[in-house]
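Engineer: Here's the letter readout for the chains.
2 protein chains.
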Amino acid sequence: MRRVNAVLSGLGNIGSRFIGVLDRKRDVLRDKYDLDVCLVAAADVEGGAVAPDGLDLARVAGLRGTSIGTLGRPGLTILDILREVDADIFFEATPVNLKTGEPGLSAIRAALGRGMHVVTTNKGPLALAYGELRALARASSVQLRHSGAVLGGLPTVNIGQRDLAGATILRVEAQVNLANSYILHQMARGMSYFDAVRSAQEQGCCDKDEALDVEGWDAVIKLVILANSVLGMDAHLDDVQREGIAHLRAEAVLDVRASGRVLKYVAEAAYQENGRYDLRCGLRALPPDHPLAALGPLQMGVVYTSDLYGTISAAIREEEPTPSASSMLRDLLTIYG
Amino acid sequence: MRRVNAVLSGLGNIGSRFIGVLDRKRDVLRDKYDLDVCLVAAADVEGGAVAPDGLDLARVAGLRGTSIGTLGRPGLTILDILREVDADIFFEATPVNLKTGEPGLSAIRAALGRGMHVVTTNKGPLALAYGELRALARASSVQLRHSGAVLGGLPTVNIGQRDLAGATILRVEAQVNLANSYILHQMARGMSYFDAVRSAQEQGCCDKDEALDVEGWDAVIKLVILANSVLGMDAHLDDVQREGIAHLRAEAVLDVRASGRVLKYVAEAAYQENGRYDLRCGLRALPPDHPLAALGPLQMGVVYTSDLYGTISAAIREEEPTPSASSMLRDLLTIYG
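Residue numbers (the numbering used here), protein chains in the order written: chain H, 1 to 337; chain X, 1 to 337.
Hint data in this document are derived by calculation from the structure and do not stem from the laboratory. Check each hint, because a few of them may be wrong.
[To be verified] Okay, derived cross-link-like pairs now, EDC-like style, lysine to aspartate or glutamate, Cα gap no bigger than 20 Å in a straight line: (1) X:K32 with H:D234; (2) H:K99 with H:D209; (3) X:K32 with X:E46; (4) X:K99 with X:D307; (5) X:K32 with X:D195; (6) H:K32 with X:D207; (7) H:K99 with H:D238; (8) H:K99 with H:E132; (9) H:K99 with H:E215; (10) H:K32 with X:D234; (11) X:K99 with X:D195; (12) X:K32 with H:D307.
[As the list claims (entries may be wrong)] Ranges of calculated distance between the beta carbons of each label pair, as one might list FRET restraints: (13) X:R3 with H:E273: 42 to 52 Å; (14) X:R261 with H:L254: 45 to 55 Å; (15) H:D289 with X:T66: 38 to 48 Å; (16) X:A252 with H:G131: 29 to 39 Å; (17) H:F194 with X:E251: 47 to 57 Å; (18) H:P52 with X:D34: 36 to 46 Å.
If you're wondering where the values come from, they're calculated on a predicted model, not measured in any experiment. All C-beta atoms, glycine included, are put in the ideal place defined by N, C-alpha and C.
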């Protein structure tokens with residue numbers, strides 16, 4: 001059996017669920033993949049724990065807000081751990097920070113520098129420093145995987161990188177933001193913008209501060225990660241033409257509906273004659289047979305149009321964060337499969 | 001630069017287009033993948049050609065019905081070639097034969113036995129002898145890839161094998177047969193069965209002999225390949241409960257439509273308590289928010305429901321066979337990427 005020593009940073013929604021998945025899938029990992037994944041250290045914002053023989057996964061998954069420091073040392077940071085502990089792979093699942101990428105960015109740098117594979121669902125470091133991190137991974141001959149960082153559990157990046165191999169991608173169109181989808185969906189049924197925002201917040205698909213969603217930033221981040229990891233660009237947040245939906249007039253939505261089209265918030269990359277891509281996030285009135293038009297308000301989806309593979313679309317219905325968390329298992333098995 | 005010596009069998013729609021794609025993508029293969037793919041031999045039903053320094057790809061792609069034997073030796077067979085020629089990879093693209101799997105099956109056996117990777121779009125050998133061929137590939141430490149054998153250019157097998165890694169797949173539902181989709185689509189608009197079949201034949205999505213499609217065999221074949229390659233089964237054609245659509249009454253279709261549901265021909269695998277899957281191809285009246293319900297009549301699509309990754313669907317709009325042919329390039333780059 002191949003033993004893999006793992007370190008985790010972040011025990012929120014995604015991190016805890018991922019550890020729960022690792023625990024539930026222990027037999028599958030052993031029997032089907034010949035893998036024994038051993039969590040030798042973990043940290044959250046308040047503390048950390050180190051256990052060379054492996055932390056008890058069920059116990060870590062069940063902390064539910066209590067710091068992992070209670071199983072180890074309060075105040076122990078992930079950077080302390082990454083300096084001291086030898087491990088094969090680092091899972092990074094701290095919250096998104098779009099200004100600095102921290103604490104994820106420094107931790108990913110440290111892990112790559114120490115020759116660990118890195119798997120992350122954290123959009124911050126990827127949106128801010130993808131090129132640098134990819135170069136670090138190459139220099140250390142390790143992998144940087146983030147199949148769950150763009151559209152939750154949907155293998156958006158994998159399809160683009162692997163299944164469109166050899167093709168020129170002509171267009172990427174994606175419904176990446178649940179809050180905006182849900183708001184537009186409710187407005188198309190007659191709700192005002194403010195009621196629709198409140199409804200999205202009640203539904204749990206929109207933050208209490210809706211700005212990141214309705215101003216388009218969440219979509220911009222995801223598009224930049226896609227552009228860098230799939231389209232081979234070196235794109236930054238300000239390379240994306242960004243249109244928000246804040247204070248959208250109800251009539252504008254209903255007019256589109258009356259015309260037989262479907263108003264969607266779309267993140268889009270379009271190939272240009274010069275070999276570059278135009279990047280844009282904003283409203284589009286789609287014809288009803290467009291693959292994104294059929295998506296429900298709580299689905300995420302992507303459409304790839306390429307010179308070789310026709311028009312390939314993919315979508316996910318993700319009722320809770322387990323698919324996003326499981327993307328870290330997928331990435332682990334891609335590395336060690 | 002890494003040189004890959006390739007052999008091809010079959011120069012019909014798929015084989016010729018694939019060679020055309022290899023020719024067009026020569027620079028991409030060299031610059032991005034450091035690969036020089038050299039077609040050292042090829043055969044069709046009338047003859048073959050061998051060229052240790054590589055056949056001219058543009059010339060092979062442009063034969064348009066003239067036998068490759070005219071560039072080499074009439075009567076030279078693929079089995080002769082596979083005995084004599086040293087190569088790294090074998091591309092098999094002869095027509096589907098559901099009775100014997102030939103000539104593809106013997107050629108794939110021979111290539112695997114000689115230690116060549118095999119890439120094929122040919123459903124016959126995969127449906128009839130998947131287990132044997134996979135074992136042969138393992139014994140020779142080579143890969144058997146067929147990402148284009150189930151739903152054309154859609155990476156159905158790849159998504160199931162790689163992106164759902166670690167999960168228990170609970171259900172697979174797929175629209176795999178264009179002829180049946182198109183016939184049902186036309187009948188839902190009021191056409192009789194016979195007019196709809198004729199319309200599908202004129203559209204080019206149904207064979208002149210429609211039996212393989214409307215009796216469900218084409219769907220059964222694809223489901224068996226999926227079951228074996230993605231679900232880990234050892235399934236055979238007669239393990240699938242098969243319902244055809246021959247002589248379907250127009251009223252039956254219109255009744256479903258009137259009920260607000262969408263009548264689709266669905267290939268389906270459903271996980272059972274005992275860890276096995278029930279396999280079935282037949283009609284289903286889908287609710288309008290089912291991912292397959294939104295597919296157009298000329299799309300193919302698959303829906304995977306699993307314990308970890310929610311509900312993931314994928315679809316392709318493939319106007320001509322280039323995506324299917326390009327799947328062999330995708331598989332080549334999976335092996336040598």
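Engineer: Next, verify each hint and record whether it holds.
Structural biologist: Status of each hint after checking the structure:
| no. | hint | in the structure |
| --- | --- | --- |
| 1 | X:K32 with H:D234 | holds (17 Å) |
| 2 | H:K99 with H:D209 | holds (17 Å) |
| 3 | X:K32 with X:E46 | violated (36 Å) |
| 4 | X:K99 with X:D307 | violated (37 Å) |
| 5 | X:K32 with X:D195 | violated (49 Å) |
| 6 | H:K32 with X:D207 | violated (41 Å) |
| 7 | H:K99 with H:D238 | holds (13 Å) |
| 8 | H:K99 with H:E132 | holds (16 Å) |
| 9 | H:K99 with H:E215 | holds (16 Å) |
| 10 | H:K32 with X:D234 | holds (17 Å) |
| 11 | X:K99 with X:D195 | violated (30 Å) |
| 12 | X:K32 with H:D307 | holds (17 Å) |
| 13 | X:R3 with H:E273: 42 to 52 Å | violated (33 Å) |
| 14 | X:R261 with H:L254: 45 to 55 Å | violated (28 Å) |
| 15 | H:D289 with X:T66: 38 to 48 Å | holds (40 Å) |
| 16 | X:A252 with H:G131: 29 to 39 Å | violated (58 Å) |
| 17 | H:F194 with X:E251: 47 to 57 Å | holds (49 Å) |
| 18 | H:P52 with X:D34: 36 to 46 Å | holds (40 Å) |
Hint violations for this structure: numbers 3, 4, 5, 6, 11, 13, 14 and 16, all remaining hints satisfied.
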